[in-house]
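Use these hints to put chain B onto chain D, whose structure you have.
Protein chains: 2
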Amino acid sequence: MFEKIELDKHMPKAEYKKAKKTFESQIGKLQRKLKEENIPIIIVFEGWDAAGKGSLINQLILPMDPRGFKVHTIDEPRGDELRRPHLWRFWTSIPKRGRLAVFDRSWYHRTFEGIANGKMNRAKSGEACEEICDFERQLTDDGYVIIKLFIHISRKEQKKRFEKLESKESTSWRVTEKDWLQNEKYDQYLKAVEETIRETDNQYAPWTVIEGTNRRFAAAKMYWAVLKALEERLLKAEKEKCEKDSHEEADVYTMWDMNASILKSVDLSVSLEKNEYKKRLEKNQKRIGELGFEIYRRKIPVVIAYEGWDAAGKGGNIKRLTEKLDPRGYEVIPVSAPNEYEMGHHYLWRFWKEMPKTGHIAIFDRSWYGRVLVERVEGLCSNEEWKRAFKEINEMEKHLANFGTVIRKFWLEIDKDEQLRRFEKRQNDPLKAWKITEDDWRNRDKWEAYSEAVDEMLFRTSTTYAPWTIIESVDKYYARIKVLDEVIKSIESRL
Amino acid sequence: MFEKIELDKHMPKAEYKKAKKTFESQIGKLQRKLKEENIPIIIVFEGWDAAGKGSLINQLILPMDPRGFKVHTIDEPRGDELRRPHLWRFWTSIPKRGRLAVFDRSWYHRTFEGIANGKMNRAKSGEACEEICDFERQLTDDGYVIIKLFIHISRKEQKKRFEKLESKESTSWRVTEKDWLQNEKYDQYLKAVEETIRETDNQYAPWTVIEGTNRRFAAAKMYWAVLKALEERLLKAEKEKCEKDSHEEADVYTMWDMNASILKSVDLSVSLEKNEYKKRLEKNQKRIGELGFEIYRRKIPVVIAYEGWDAAGKGGNIKRLTEKLDPRGYEVIPVSAPNEYEMGHHYLWRFWKEMPKTGHIAIFDRSWYGRVLVERVEGLCSNEEWKRAFKEINEMEKHLANFGTVIRKFWLEIDKDEQLRRFEKRQNDPLKAWKITEDDWRNRDKWEAYSEAVDEMLFRTSTTYAPWTIIESVDKYYARIKVLDEVIKSIESRL
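First to last, the protein sequences are chains D and B.
119 is the number of the first residue of the first sequence in my numbering; add one for each residue after it.
119 is the number of the first residue of the second sequence in my numbering; add one for each residue after it.
There's no promise every hint is true.
Note that identical chains are pooled: a pair holds if it fits in a single copy or bridges any two copies.
[Stated by the list, open to error] Pairs of lysine to aspartate or glutamate, DMTMM-like flavour, derived with a Cα cap of 25 angstroms:
| # | residue 1 | residue 2 |
| --- | --- | --- |
| 1 | K505 | D260 |
| 2 | K359 | E155 |
| 3 | K594 | D547 |
| 4 | K471 | D252 |
| 5 | K437 | E245 |
| 6 | K359 | E493 |
| 7 | K354 | D259 |
| 8 | K214 | E503 |
| 9 | K286 | E302 |
| 10 | K600 | D385 |
| 11 | K471 | D222 |
| 12 | K509 | D483 |
| 13 | K139 | E154 |
| 14 | K550 | E458 |
| 15 | K475 | E231 |
| 16 | K471 | D198 |
| 17 | K471 | E199 |
| 18 | K417 | D193 |
| 19 | K274 | E460 |
The hints are simulated quantities; they were obtained by calculation from the structure and are not laboratory data.
This structure is a prediction, so every number in the text was calculated from the model and none was measured.
Next comes chain D alone, as it looks inside the complex:
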């Protein structure tokens, strides 16, 4: 999902000034409170060379009480460090309760590098990630806060920055051969980062990716991420002491709109000509029909999940997917709000029940992702619950994949204007007016909150075994063919 992140986000000066002011007025207060509560804090900065980690760290600590923190700069391990388990140097530098430690690079550095340059094979990197997860869970269980930031820039931007540094005598020494090597092997490095982040993105210590092109935006997002985590930790302490109600939530959550990024970079202008559409539809449907028999014969189960905006065209899309499939081999499962009996069980229970048997295709029209979309945005579950759900969902999909299930997930994307056009068109059509309800108009009002939720969902639950694909759906022809293409591709590559 990293490739989908919109890196060129900017922040106007005035807005940034406001963000900075909020941060500065909050951070001192929070630092004091956390000290009173004896809560230790760890902030990890990882990211590309020349992404701006150093200056972000400066901006972070400037308004803080200098007696309360320590900055650790992590280079290659040296001397005794090499003669002890990798985590030893980090264990020995964790902060005392009530203090804050900032890590400029951290325990992740070795894994990023190791995977990127091939020194770590799958088993070794898996072991390293597991150790990191244990380490972070042990600390957070003990009351520590761990904030993990990855500062992200593009290959082009990195190159530009290196060249700029090299062009001045005073800064040219800062660019080393190793830096250029990273730029050369950018794609490999990115893959290593994605893999590591996916394996270590846990509720107790989640990652935040900071779009680093614009320095103001990057600083503001860092402020946001740090305040959010600290406020939440304080709230938890207050709840534990029964000083706060268990349903109260941290303020920062609704204060800034910082997350949405992936959806903004989607190019919705793509389209298909009608003739071309018809031709490809026929060809694809024929192929999917054949593949339906093939997976039946080979006993492969397939799960396809559709999510998307209201009126994005899920129904029509599903229709084109199934039209030429043998009806004995697939099932479409429409998902709406759970009934009382379903609510009496774990939220995944009703989806587990519907999972296809071998050789069958289950198509979910909306899915278990409701937990991190509508239930999150409408407050139908607690903060705690939807945050936990990312991992739970990844696990469920992993269990299905372990069994041999092919899993694909499609997000049908349209913009707000297009949705309005469709709503109005439906309302004016007596045959389709029933499709538009009060709920639809209400959800529309929360477009921004939903965007943020979708963004986080795409980022945290796109995995190699169950990837998300964003389907540009303003042009329905294009959308339908793209889904068919993707499904065909997945099944073929399994066969």
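The following block gives chain B in isolation, referenced to the frame of chain D:
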């Protein structure tokens, strides 16, 4: 550690009657309260064929409200179950909130069998255990209680029971060829059970092994395990609603002494003759000296942890271990109560700091196990904290082992009478009187509580990568030679 469990524990009729009465009066009340709180309960019965699962289940449910529970008997998967992921049939049978499900065999059955008969290789069984852990964590995070009981009998006892069943016409059909196969391959099966239990023994769903030889004892221990888990869950619910103080603990904890089992089976009468001791000491010390140089050359780090009763002879034992080692290659780390600065960190921090570098030996005189011994018994940490510690400690030792560290842990065992003799002897010896403090006498009063803690520690933290060895220490000669033997064996097998 299974081989160390004392299986022949009996319970006199009168005592059993009392336990049964307590259980019956408690369980109905608890069941009602749990229903009110909408808490779902899952109780898993696993164990040897003919271990008595069926009759235990009967005794469990008899005093319960029959409208509140359902018993699931798990046979080999059939039909559609075979065509879906293994956990599917269990997901679809989890109870609704406020209800109770009893599983006669469960999701563990496949793994026990699979490992025992070689159908599951290491990767497959690891994956299966991981899925089970995910499953159980997802449920308990959602408020479910999962109680897992393994009913344990010896091979001999199983054979006796089979023969008895076969001897009567009315019951002979109950013994199948498959049952006899299990008896034949008892050791293989036991290894599979041990491995699976070790991988799935988590704080959120811990295992209880029930010594099944004596049916009264088995029933009483089942009552104890069930009441304990349910009471703790209710207490948690009350704490969450801020109705109870966060330090209160469930009553059952101190009500019955059920756990202690492993220590009781240790034969303390073993001894060594003085001449034999001298001969073997010289030989062993020479060898350990050589091995010290060898691990230095091969850059292998070694961790040895000593725990044991006061006056069990740790000091003298360590002395014999180190006497002929090059002092530049080892360090003895005496561990006492943490100071204020150490208390300001995660409890493992001070031990991580002392972990040896490659080629060196660290000998801990008492260790991180204080968390689950003195801190548990004396209430120096919360219930929550010491329960969490089993997993944390296993993880730390795993991380060390991943790095290549050889880890051995010794429990120096003496009985209460022997301790008294030694205390008195020390007190009468002006040179040694300082060794005996008020604390020692106080700890002695809590012998039973400590036994229980030691027992659980040995059971939950004896792993392949960091095994515990019980050192029979009434005869000091024997104890010293046994430690030396064990250390030599471990290092040699690593080289």
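For each hint, the structure was consulted:
Proximity of K505 and D260 under a CA criterion of 25 angstroms is satisfied in both settings, with 19 angstroms inside one chain copy and 13 angstroms between copies. Taking the closest pair of Cα atoms, K359 and E155 come within 25 angstroms of each other both inside a single copy (11 angstroms) and across two copies (22 angstroms). For the identical chains of this complex, K594 and D547 are intra-copy neighbours only, at 19 angstroms inside a copy versus 94 angstroms across copies, given an alpha-carbon limit of 25 angstroms. In the homo-oligomer, the alpha carbons of K471 and D252 lie at most 25 angstroms apart only across protomers (17 angstroms), although the nearest pairing inside one protomer, at 32 angstroms, exceeds that limit.
When the C-alpha separation of K437 and E245 is checked against a cutoff of 25 angstroms, the pair qualifies neither within a copy, at 44 angstroms, nor between copies, at 37 angstroms. In the homo-oligomer, the alpha carbons of K359 and E493 lie at most 25 angstroms apart only across protomers (23 angstroms), although the nearest pairing inside one protomer, at 27 angstroms, exceeds that limit. Taking identical chains as interchangeable, the C-alpha atoms of K354 and D259 lie at most 25 angstroms apart whether they share a chain (12 angstroms) or sit on different chains (17 angstroms). With identical chains, the CA atoms of K214 and E503 are at most 25 angstroms apart between copies only, with a shortest distance of 18 angstroms across copies and 30 angstroms within one.
Proximity of K286 to E302 under the C-alpha cut-off of 25 angstroms is restricted to the intra-copy arrangement: shortest distance 22 angstroms within a copy versus 79 angstroms between copies. Taking the shortest alpha-carbon separations for K600 and D385, only the intra-copy value of 14 angstroms comes in at or below 25 angstroms, while the best inter-copy value is 72 angstroms. When the C-alpha separation of K471 and D222 is checked against a cutoff of 25 angstroms, the pair qualifies only between copies, where the shortest distance is 21 angstroms, while the shortest distance within a copy is 47 angstroms. In the homo-oligomer, the alpha carbons of K509 and D483 lie at most 25 angstroms apart inside one protomer (22 angstroms), although the nearest pairing across protomers, at 40 angstroms, exceeds that limit.
Proximity of K139 and E154 under a CA criterion of 25 angstroms is satisfied intra-copy only: 24 angstroms inside one chain copy versus 49 angstroms between copies. Neither within a single protomer nor between protomers do K550 and E458 lie at most 25 angstroms apart by alpha-carbon distance, with minima of 29 angstroms and 71 angstroms respectively. Taking the shortest alpha-carbon separations for K475 and E231, only the inter-copy value of 24 angstroms comes in at or below 25 angstroms, while the best intra-copy value is 41 angstroms. Taking CA atoms no more than 25 angstroms apart as the test, K471 paired with D198 passes between copies only; the shortest distance there is 12 angstroms, against 54 angstroms inside one copy.
Proximity of K471 and E199 under a CA criterion of 25 angstroms is satisfied inter-copy only: 11 angstroms between copies versus 51 angstroms inside one chain copy. Taking identical chains as interchangeable, the C-alpha atoms of K417 and D193 lie at most 25 angstroms apart only when they sit on different chains, with a minimum of 23 angstroms there against 51 angstroms within one chain. In this homomeric assembly, K274 and E460 never come within 25 angstroms of each other (Cα to Cα): the closest approach is 50 angstroms inside a single copy and 47 angstroms across copies.
Going down the numbered hints, you'll see the structure goes against 5, 14 and 19, while the others check out.
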